[in-house]
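**Q** Here is how the chains run, residue by residue.
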Amino acid sequence: MIRRTLLMLSACILLIGMCDSSRSRAQDASLQNKLIGRWTNQNETKGPATINITAVDSATGQLKGKYSPPSGAAAGKEFDIVGWVSSAPPVANRDNVIVVSFSVSLTTYGSIATWTGFLKENKIIASSSNVRSNSGYEWDHITATYDVWTKSP
Amino acid sequence: MKRRLVLLTCCLIVLVGFSHSQAQDTSIPSRLIGKWMQHYTGMSLQGATLNITSVDSVTGQLKGKWIPPSGAAGGKEFNVIGWVSSAQPREKLDNVITISFSVSLTTYGSITSYTGYFRDNKITTSWFNIKPNATYEWDHISTGQDIFTRNP
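Just so you know, the sequences run in chain order A and B.
Residues in the first sequence are numbered from 1 upward in steps of one, following the working numbering.
Residues in the second sequence are numbered from 1001 upward in steps of one, following the working numbering.
In case anyone wonders, no lab produced these hints; they're calculated from the structure.
A couple of the hints might just be wrong.
Below, simulated SDA-like cross-link-like pairs (lysine to any residue); rule was C-alpha separation at most 25 Å, straight line [as the list claims (entries may be wrong)]: (1) B:Lys1063 / A:Gln32; (2) B:Lys1035 / A:Thr60; (3) A:Lys66 / B:Gln1061; (4) A:Lys123 / B:Ser1142; (5) B:Lys1076 / A:Asn43.
If you're wondering where the values come from, they're calculated on a predicted model, not measured in any experiment.
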């Protein structure tokens, strides 16, 4: 009797574990659906740069894609982007978002740009920083601003 | 004779240019690969260890590991990805090797990105940390500055 009860209990625990695991996989799939695709930078001062997120690894959260600058010497070229996507279960009385970060090496200039922010209401809202190789002053290599990216239909 | 001299000069220019760019590519990875210690600017907190394991000499893509010093993620290793780049020095401009890397701290669901430059055997960076759960909508992103020095 005890053995049968224990067996039933183990089966239930296993079933609950499988349900949890399939739920997390479904979460991963929805995360990928939400992010993969073309996004346009809405920062008018920079012009409409686009990123094309081509892959999000469901196990590690590693993101890959391409960046297309809107103007300048690098316009029309594509540059690789790398980054991360992550999340955590919502906590009571806390604002919950999907977090995202990606960066691009603009080899035309020797500069690197990074965006770090979150996905909310189908927008990526991110702080951005850019570091340039050549600058007028020692203290002027890193610049920062923020950008909003919207998904292309 | 003149044509030969012109041809020889052209060959020399191409060779010198090629060897210069090759020398740059090979020297940058060797300067960066290895263990680095994070120092918080203006704080006495113990920093994490950054281990840069590879820098692709063609693309500049950087890979490595991040080992936090304490907390729930203390002692664990997390993958680091990023970029290293450079440009030819220009007259009257300050020239540095540019670098950016990021780590996904899956224990917390947060991501930290570091963007800065390598100079005088130090990596000086500006960082952004994004956390999935915050008390307020405007409170997800934190920022600061760190310096990384080589682990002896």
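**Q** To test your reading of the hints: which numbers does this structure violate?
**A** 5
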